[in-house]
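Here the protein sequences come in this chain order: A and B.
All the letters of the first sequence, read from the start, carry residue numbers 1 to 345 under this note's numbering.
All the letters of the second sequence, read from the start, carry residue numbers 346 to 706 under this note's numbering.
Warning: the hint list may mix true and false statements.
Distance ranges between label pairs, derived from CB positions [claimed, not checked]:
| # | chain 1 | residue 1 | chain 2 | residue 2 | range |
| --- | --- | --- | --- | --- | --- |
| 1 | B | Thr369 | A | Ser118 | 40 to 48 angstroms |
| 2 | B | Thr671 | A | Ser208 | 47 to 55 angstroms |
| 3 | A | Ser118 | B | Lys658 | 33 to 41 angstroms |
Rather than coming from a laboratory, the hints here were simulated on the basis of the structure.
No residue lacks a Cβ here, since even glycine has one placed at the ideal position from N, Cα and C.
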Amino acid sequence: MTQTIERPAYSDDPGDDLPARNTQTVSMAQAINRALHDAMAADERVLVFGEDVATLGGVFRVTEGLHETFGESRCFDTPLAESAIVGIAIGMAIRGFVPVPEIQFDGFAAPAFDQIVSHVAKYRMRTHGDVDMPVTIRIPSFGGIGAVEHHSESTESYWLHTAGLKVVVPSTPSDAYWLLRQSISSRDPVIYLEPKRRYWARGELDTSTPALPIGRAAVRRQGRDVTVITYGSLVETALAAADLADGIGLEVVDLRSLNPLDFDTVTASVRKTGRAVVMHEGPRTLGFGAELAARISEELFYDLEAPVLRATGFDTPYPPARLEKLWLPGVDRLLDRVTETMSRP
Amino acid sequence: MTVTTAGHVDLEPIQLLAPDGMATSDDRYQRDLPPETLGWLYELMVLTRDLDGEFINLQRQGELALFASCRGQEAAQIGATACLRKTDWIFPQYRELGAFLTRGITPAQLSAVWRGRWHGGPGFTGKCCAPIAIPIGTHGLHAVGAAMAAQRLGEDSVTVAFVGDGGTSEGDMHEALNMAAVTMAPCVFFIQNNQWAISVPVARQQAGPSIAHRAIGYGMPGIRVDGNDVLACYAVTAQAVQRARTGGGPTLVEAVTYRMGPHTTSDDPTRYRTDDELKAWAPRDPITRYRSYLEHLEVLTPRLTERIAARSKRLRAELRDAVLNTPDADIAEVFDTVYAEITPELARQRDALIAEVDWED
């Protein structure tokens with residue numbers, strides 16, 4: 001079998017020689033579904049499997065239609081066994097397939113942790129580059145949907161602390177589509193975290209023009225005073241805060257790709273504003289905000305007007321649904337941090 | 346989906362050669378292999394024993410970080426691997442020197458792991474052999490995945506997972522056996538029950554009648570074989586492989602054997618097992634048993650013995666040479682093999698380390 005997906009090339013000027021635009025307004029869930037359809041159609045090596053992904057079409061209907069279109073051998077339900085879902089993906093990848101397993105909810109990535117950390121992430125190095133591990137692990141992630149325990153977790157720090165994985169988090173339907181296509185065509189494993197709070201948010205999707213590649217951040221809003229660095233569902237929160245930040249210009253950087261990290265875009269923004277607030281849902285201690293704050297301090301200390309601040313979740317287990325609105329970082333917590341950083345001389 | 350198991354596992358292991366090397370009366374399995382194959386199996390067993398000793402020597406001389414001896418398990422590993430086609434994939438743990446040699450993986454290649462030059466096993470996948478898997482029991486799932494891949498490729502290749510008695514206690518082995526059974530994956534689970542998981546005896550790993558009995562619950566055939574009888578291991582695995590190859594699904598084979606040496610060169614088995622136990626197993630040495638059989642058949646000619654001795658000497662020299670004279674990897678390789686294309690951050694870190702090393706030089 002030969003690889004039939006070309007890696008979408010990034011163009012700084014997506015203007016001239018591109019095919020006719022094919023733009024539609026879709027939800028993020030539909031965009032992910034479209035990406036899976038298109039990836040499976042483009043490359044017969046692509047396999048989708050997990051719990052309830054085939055007959056049911058996924059608990060969020062994200063894999064709807066794949067089983068009907070591509071058949072049992074390419075989209076199938078597995079036993080309820082997350083370690084197995086990832087473990088068999090490794091064997092399939094060794095034999096040349098491109099597995100796209102689904103872990104049904106963030107909290108259930110824990111049983112697959114050993115396979116991901118001990119094997120998926122290390123297989124290329126262990127074989128001195130002989131074996132590609134083009135496994136994209138989709139994990140519906142993060143909180144804000146009023147779910148029961150284990151259905152609202154932020155797992156990104158675990159994966160970011162594991163060499164060999166790439167980690168991406170889309171915030172728009174377009175990024176959801178393109179980051180997934182790019183993840184599936186990556187020769188390396190990608191943890192693809194789906195912000196389920198944004199599954200039904202609609203946006204433009206142009207399937208003819210590749211979005212920015214993995215490893216590139218996007219500035220979602222220009223501003224002169226404070227750089228807000230975030231990803232996933234909180235990009236929308238940051239944009240809402242920017243609308244409300246009276247007289248303070250917030251620049252919103254959507255990281256999109258946490259590893260590889262586009263620190264150049266962060267650098268350019270922080271150099272401009274001199275102030276940065278990092279926002280993520282997960283617990284504060286050793287969250288990605290800690291790494292970003294450390295790196296900004298190391299590399300951009302003399303560009304800073306104030307310490308880097310964090311608007312995050314807390315070092316507690318994720319709270320019960322009735323309390324999650326209080327716990328999650330929202331517009332108010334972000335604006336508090338913004339005010340705080342502005343009040344420092 | 347058809348369940349191919351009879352739901353019954355015989356506690357008495359299949360044995361084609363008695364410990365004294367005489368053929369048993371069991372006529373359910375093929376024993377009359379061609380003389381070349383009989384000789385080849387013997388050669389592999391002797392080479393494995395010799396090289397195992399050489400690895401231990403090199404470790405004792407401070408040249409290897411560690412070594413996990415397979416002494417006593419040669420018949421199991423070699424029998425289970427020799428019956429395969431070259432296109433069948435094996436998924437070893439780390440004690441499978443006999444399987445590696447059978448696959449044509451050189452002792453020099455393997456030495457990279459124990460020397461600490463690189464992880465896993467360089468070039469193993471070129472021989473349809475996965476790199477060694479140190480986290481116990483996790484690679485059974487890789488074997489199942491590769492078997493499911495073979496189904497989708499329309500191949501009739503089979504995968505064999507080598508797991509130990511301790512490994513069967515891991516949760517991943519449950520998931521692997523269940524997944525294989527549900528998907529009828531062409532996968533054979535070859536469990537070397539060598540009685541000990543470091544210091545914990547098999548009786549502390551499980552309470553059932555045998556490891557093979559677990560197969561009943563998974564809906565697959567389970568079979569116990571004398572792991573010190575190379576012909577029985579060959580025949581039983583060949584039959585399981587044939588079943589898998591022809592769409593019959595997975596089999597759980599429990600090879601009852603004995604780890605004659607320590608867990609690794611770092612272990613001291615006198616702390617947990619008795620001399621009496623060692624003495625009880627000594628007469629069941631797989632090589633002695635098989636040699637008696639071949640002498641009886643007059644397959645073991647002086648010419649074959651000389652050839653094996655010469656090959657052993659050459660391989661031991663090659664091993665020693667590889668260990669002593671292969672340069673360490675370049676530190677940049679640690680960074681360059683993490684991703685297909687190095688990330689900007691990793692490139693930065695790599696260059697910083699190289700600058701640090703150069704400065705120290």
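Verification of the hints:
1. B:Thr369 <-> A:Ser118: 40 to 48 angstroms: 42 angstroms, holds
2. B:Thr671 <-> A:Ser208: 47 to 55 angstroms: 52 angstroms, holds
3. A:Ser118 <-> B:Lys658: 33 to 41 angstroms: 38 angstroms, holds
Checked against the numbered hints given earlier, this structure breaks none of them.
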